[in-house]
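Protein chains: 4
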Amino acid sequence: MPTLYNRIQGRSLERLAALSDGIFAVAMTLLVLDMHLPTAAQAHSEGELLSALASLGPQWITYGMSFLTLGIFWAGQQTQLSHIAEGTRDLAWIHLGFLFAVTLVPLSTRLLAEFITYRVAVGIYWLNILVLGAMLYWGWMHAARAGLIKDDTPREVQLSICRRILIAQLLYAAGAALCFVRTWLSIAVIVLVQLNYAVAPRLGRGRKSA
Amino acid sequence: MPTLYNRIQGRSLERLAALSDGIFAVAMTLLVLDMHLPTAAQAHSEGELLSALASLGPQWITYGMSFLTLGIFWAGQQTQLSHIAEGTRDLAWIHLGFLFAVTLVPLSTRLLAEFITYRVAVGIYWLNILVLGAMLYWGWMHAARAGLIKDDTPREVQLSICRRILIAQLLYAAGAALCFVRTWLSIAVIVLVQLNYAVAPRLGRGRKSA
Amino acid sequence: MPTLYNRIQGRSLERLAALSDGIFAVAMTLLVLDMHLPTAAQAHSEGELLSALASLGPQWITYGMSFLTLGIFWAGQQTQLSHIAEGTRDLAWIHLGFLFAVTLVPLSTRLLAEFITYRVAVGIYWLNILVLGAMLYWGWMHAARAGLIKDDTPREVQLSICRRILIAQLLYAAGAALCFVRTWLSIAVIVLVQLNYAVAPRLGRGRKSA
Amino acid sequence: MPTLYNRIQGRSLERLAALSDGIFAVAMTLLVLDMHLPTAAQAHSEGELLSALASLGPQWITYGMSFLTLGIFWAGQQTQLSHIAEGTRDLAWIHLGFLFAVTLVPLSTRLLAEFITYRVAVGIYWLNILVLGAMLYWGWMHAARAGLIKDDTPREVQLSICRRILIAQLLYAAGAALCFVRTWLSIAVIVLVQLNYAVAPRLGRGRKSA
Numbered sequence: 000m001p002t003l004y005n006r007i008q009g010r011s012l013e014r015l016a017a018l019s020d021g022i023f024a025v026a027m028t029l030l031v032l033d034m035h036l037p038t039a040a041q042a043h044s045e046g047e048l049l050s051a052l053a054s055l056g057p058q059w060i061t062y063g064m065s066f067l068t069l070g071i072f073w074a075g076q077q078t079q080l081s082h083i084a085e086g087t088r089d090l091a092w093i094h095l096g097f098l099f100a101v102t103l104v105p106l107s108t109r110l111l112a113e114f115i116t117y118r119v120a121v122g123i124y125w126l127n128i129l130v131l132g133a134m135l136y137w138g139w140m141h142a143a144r145a146g147l148i149k150d151d152t153p154r155e156v157q158l159s160i161c162r163r164i165l166i167a168q169l170l171y172a173a174g175a176a177l178c179f180v181r182t183w184l185s186i187a188v189i190v191l192v193q194l195n196y197a198v199a200p201r202l203g204r205g206r207k208s209a
Numbered sequence: 000m001p002t003l004y005n006r007i008q009g010r011s012l013e014r015l016a017a018l019s020d021g022i023f024a025v026a027m028t029l030l031v032l033d034m035h036l037p038t039a040a041q042a043h044s045e046g047e048l049l050s051a052l053a054s055l056g057p058q059w060i061t062y063g064m065s066f067l068t069l070g071i072f073w074a075g076q077q078t079q080l081s082h083i084a085e086g087t088r089d090l091a092w093i094h095l096g097f098l099f100a101v102t103l104v105p106l107s108t109r110l111l112a113e114f115i116t117y118r119v120a121v122g123i124y125w126l127n128i129l130v131l132g133a134m135l136y137w138g139w140m141h142a143a144r145a146g147l148i149k150d151d152t153p154r155e156v157q158l159s160i161c162r163r164i165l166i167a168q169l170l171y172a173a174g175a176a177l178c179f180v181r182t183w184l185s186i187a188v189i190v191l192v193q194l195n196y197a198v199a200p201r202l203g204r205g206r207k208s209a
Numbered sequence: 000m001p002t003l004y005n006r007i008q009g010r011s012l013e014r015l016a017a018l019s020d021g022i023f024a025v026a027m028t029l030l031v032l033d034m035h036l037p038t039a040a041q042a043h044s045e046g047e048l049l050s051a052l053a054s055l056g057p058q059w060i061t062y063g064m065s066f067l068t069l070g071i072f073w074a075g076q077q078t079q080l081s082h083i084a085e086g087t088r089d090l091a092w093i094h095l096g097f098l099f100a101v102t103l104v105p106l107s108t109r110l111l112a113e114f115i116t117y118r119v120a121v122g123i124y125w126l127n128i129l130v131l132g133a134m135l136y137w138g139w140m141h142a143a144r145a146g147l148i149k150d151d152t153p154r155e156v157q158l159s160i161c162r163r164i165l166i167a168q169l170l171y172a173a174g175a176a177l178c179f180v181r182t183w184l185s186i187a188v189i190v191l192v193q194l195n196y197a198v199a200p201r202l203g204r205g206r207k208s209a
Numbered sequence: 000m001p002t003l004y005n006r007i008q009g010r011s012l013e014r015l016a017a018l019s020d021g022i023f024a025v026a027m028t029l030l031v032l033d034m035h036l037p038t039a040a041q042a043h044s045e046g047e048l049l050s051a052l053a054s055l056g057p058q059w060i061t062y063g064m065s066f067l068t069l070g071i072f073w074a075g076q077q078t079q080l081s082h083i084a085e086g087t088r089d090l091a092w093i094h095l096g097f098l099f100a101v102t103l104v105p106l107s108t109r110l111l112a113e114f115i116t117y118r119v120a121v122g123i124y125w126l127n128i129l130v131l132g133a134m135l136y137w138g139w140m141h142a143a144r145a146g147l148i149k150d151d152t153p154r155e156v157q158l159s160i161c162r163r164i165l166i167a168q169l170l171y172a173a174g175a176a177l178c179f180v181r182t183w184l185s186i187a188v189i190v191l192v193q194l195n196y197a198v199a200p201r202l203g204r205g206r207k208s209a
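As given, the protein sequences belong to chains A, B, C and D, one line each in that order.
Residue numbering for the first sequence follows numbering that gives the first Met the number 0, starting at 0 and increasing by one per position.
Residue numbering for the second sequence follows numbering that gives the first Met the number 0, starting at 0 and increasing by one per position.
Residue numbering for the third sequence follows numbering that gives the first Met the number 0, starting at 0 and increasing by one per position.
Residue numbering for the fourth sequence follows numbering that gives the first Met the number 0, starting at 0 and increasing by one per position.
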């Protein structure tokens, strides 16, 4: 049985959502601001500027991928929280752990952009995604066990949230494993998996459940 | 028909609004912080400091313009969302795309401030504005088709939102095209169009509809 | 008479408040982060580190003052908005102008910290405070004229909000004028005026109205 | 008796909470972004990259500790505010002081990461935690004296909030004092105290009150 202070602490789901939105907003904006642009010293004509920008291509893919990562986990956390009736300090701390992993995304992105051909960089990026997924999964399991989920949430919704995380993580792990072939292949597969989750309804018309 | 998970995902308009306000707030503040100021090594008297600051003039115009850009699209997104009754994951992802374009504004601004006489820089800045407008337009079209718009929204309001985006984008495109004459002319026209939208009511007294 | 689009645009006070809180939060946090700290190369013993930190004293005063500035204007804007019944696009744009001045505070602070003995730097800092006050005053006048103020707001509250801005701006202007004697005197007076507003209730006990 | 303006100023608890969430979100995200990563010039093979990352270990502990610090005080402030019925300008300013201390956390963290073997750096970090605790304590005392606490808050909850701050600060002070033995010992004890507060329910099962 938790102590009195722990029973009253950190229960506001509204403040947890507001902190989360703030952290996602800062991470998403800083992510992109971190990109290196050509400087006046590096480009002296329209043509040089264009080709300097074009050479940033790989960077763009990395940063675009990270925005997708953050968008997917923002949507995922929001979906969970919308089915939770009340907060507890345990839930708040699991989500603080999740948010810590969110703040690491710009960092692992910067590492990947700097070392895009290194398996270590891909591995760390994947670890970041893995921790994000694991914390969300833990948060949902905890909410289920502690009876925090709204009464009107059908059981199939509960299962669908778990299944979604597990399948996505399997696909990410498969993608990351491809870095032993080529790191580029790895990144391409992860981006494709993410695009599938982002635009799914377009492709998914006709399917009935997932 | 979307899958079960996709039907329950990302539906909170409040969290979408909160994430948007956060991203706009970070982008607006970082935009300005990105400006270069003279350092103590560059100015050794009151006069030198004043002239060093005055020479930042072009930078100021660029950053002021981008604050206007962000303000206009913040107001535009807010207007749309205030007429939408419920969210869907599709709508959330269209707006995440819009927000990605928002995070690019400080970047294209920095590029323009660095290369203010280059057509490529003006072109990229204009592309950024175009994508912002296109995503907002898509979001509104999607909301209309998917029946998400509030029942009490008069049809003329719906049309007025579309028309506003189309006319503004035409004016921006015309302004951007002037970069083939002079990039400065281009920037001046875009700023004037934006000021018109920002202070419109002052100028617009007497007109009845738009 | 405003156009249809302008009648429906930017009316949400909640989103204006959320954007404002976001911008104030980013400005307040980045302000402080901008401070220079000694690096390992500059301090090689406990004593050297202490004296390196002590030599940052003037910087601390500048940044502390700016946090007070932001806190005062945040409280001031909040007080106004809490007495406004509904938003309009005009009000939104006046407050966007106010927020633009907020985003300039970290910039004018950095300038002042770099050029603390220059009247030009004090002058620009004061201009920033002046614009903040002027925009808030304009916002309140506009709300009064356009009939946006809540019906239950007593007339003396309306006057008190105007009077507060005018008196504060007079004191700031007097403080700034002292820069022609010594810039330090100027900064000291502005900080004292701000501290008076921040802790006023402590000193103000016994007075009845202001 | 406060002046009229001071009676109407800064009373919105919602805006105080929103500003707080924003500042915590920015501080938490920037904290981590401040970490130095190896650059392409520093690592030329998978092995070198791995060992360059491993050598960042001490940095990681510092930044992880600061995220815990921020998480603990965010949860603490939230707990207090959730038991307060109405805001006053005094309460707003006490919390602005608390938030100023929050914005200093990334700064004292950066100092500690740079000077991890210096007692001065540990001392300043501890001072930061002390001020955070002192402001929260002051805020709660003020709310109690001014009758702002919700009527349905049991007296034991009030006491539990005070006791929690006092005990935690005693433990932090004891940890900080160990810097006279070894700064690393100091940091280890502070991290352990924080982990205890973060995961307390896990360890605390069976205890009845605290």
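Since the hints were derived computationally from the structure, they do not count as laboratory data.
Built from N, CA and C at the ideal position, the CB exists for glycine as well.
Take these hints with a grain of salt, some might be off.
[As the list claims (entries may be wrong)] Pairwise CB distance ranges, derived in the manner of DEER restraints:
#, chain 1, residue 1, chain 2, residue 2, range
1, D, 43, C, 183, 47 to 55 Å
2, B, 145, D, 187, 49 to 57 Å
3, C, 40, A, 35, 48 to 56 Å
4, C, 51, B, 41, 20 to 28 Å
5, C, 85, B, 140, 45 to 53 Å
6, B, 40, A, 47, 28 to 36 Å
7, B, 53, C, 143, 32 to 40 Å
[What the hints assert, rightly or not] Computed from the model, here is a short list of chain C residues facing chain D with C-beta under 10 Å:
#, residue
8, 34
9, 37
10, 49
11, 54
12, 67
13, 74
14, 80
15, 81
16, 85
17, 93
18, 96
19, 147
20, 150
21, 152
22, 163
[Claimed, not checked] A partial selection of chain B residues facing chain A, derived with a Cβ cut-off under 7 Å:
#, residue
23, 106
24, 122
25, 126
Evaluation of the provided hints:
no. : hint                      : in the structure
1   : 43/D - 183/C: 47 to 55 Å  : holds, 52 Å
2   : 145/B - 187/D: 49 to 57 Å : holds, 55 Å
3   : 40/C - 35/A: 48 to 56 Å   : violated, 25 Å
4   : 51/C - 41/B: 20 to 28 Å   : holds, 24 Å
5   : 85/C - 140/B: 45 to 53 Å  : violated, 28 Å
6   : 40/B - 47/A: 28 to 36 Å   : holds, 29 Å
7   : 53/B - 143/C: 32 to 40 Å  : holds, 37 Å
8   : 34                        : holds, 6 Å
9   : 37                        : holds, 8 Å
10  : 49                        : holds, 5 Å
11  : 54                        : violated, 14 Å
12  : 67                        : holds, 9 Å
13  : 74                        : holds, 4 Å
14  : 80                        : holds, 8 Å
15  : 81                        : holds, 6 Å
16  : 85                        : violated, 17 Å
17  : 93                        : violated, 18 Å
18  : 96                        : violated, 20 Å
19  : 147                       : violated, 17 Å
20  : 150                       : violated, 16 Å
21  : 152                       : holds, 9 Å
22  : 163                       : holds, 5 Å
23  : 106                       : holds, 6 Å
24  : 122                       : violated, 9 Å
25  : 126                       : violated, 11 Å
Violated hints for the displayed structure, listed by number in ascending order: 3, 5, 11, 16, 17, 18, 19, 20, 24 and 25.
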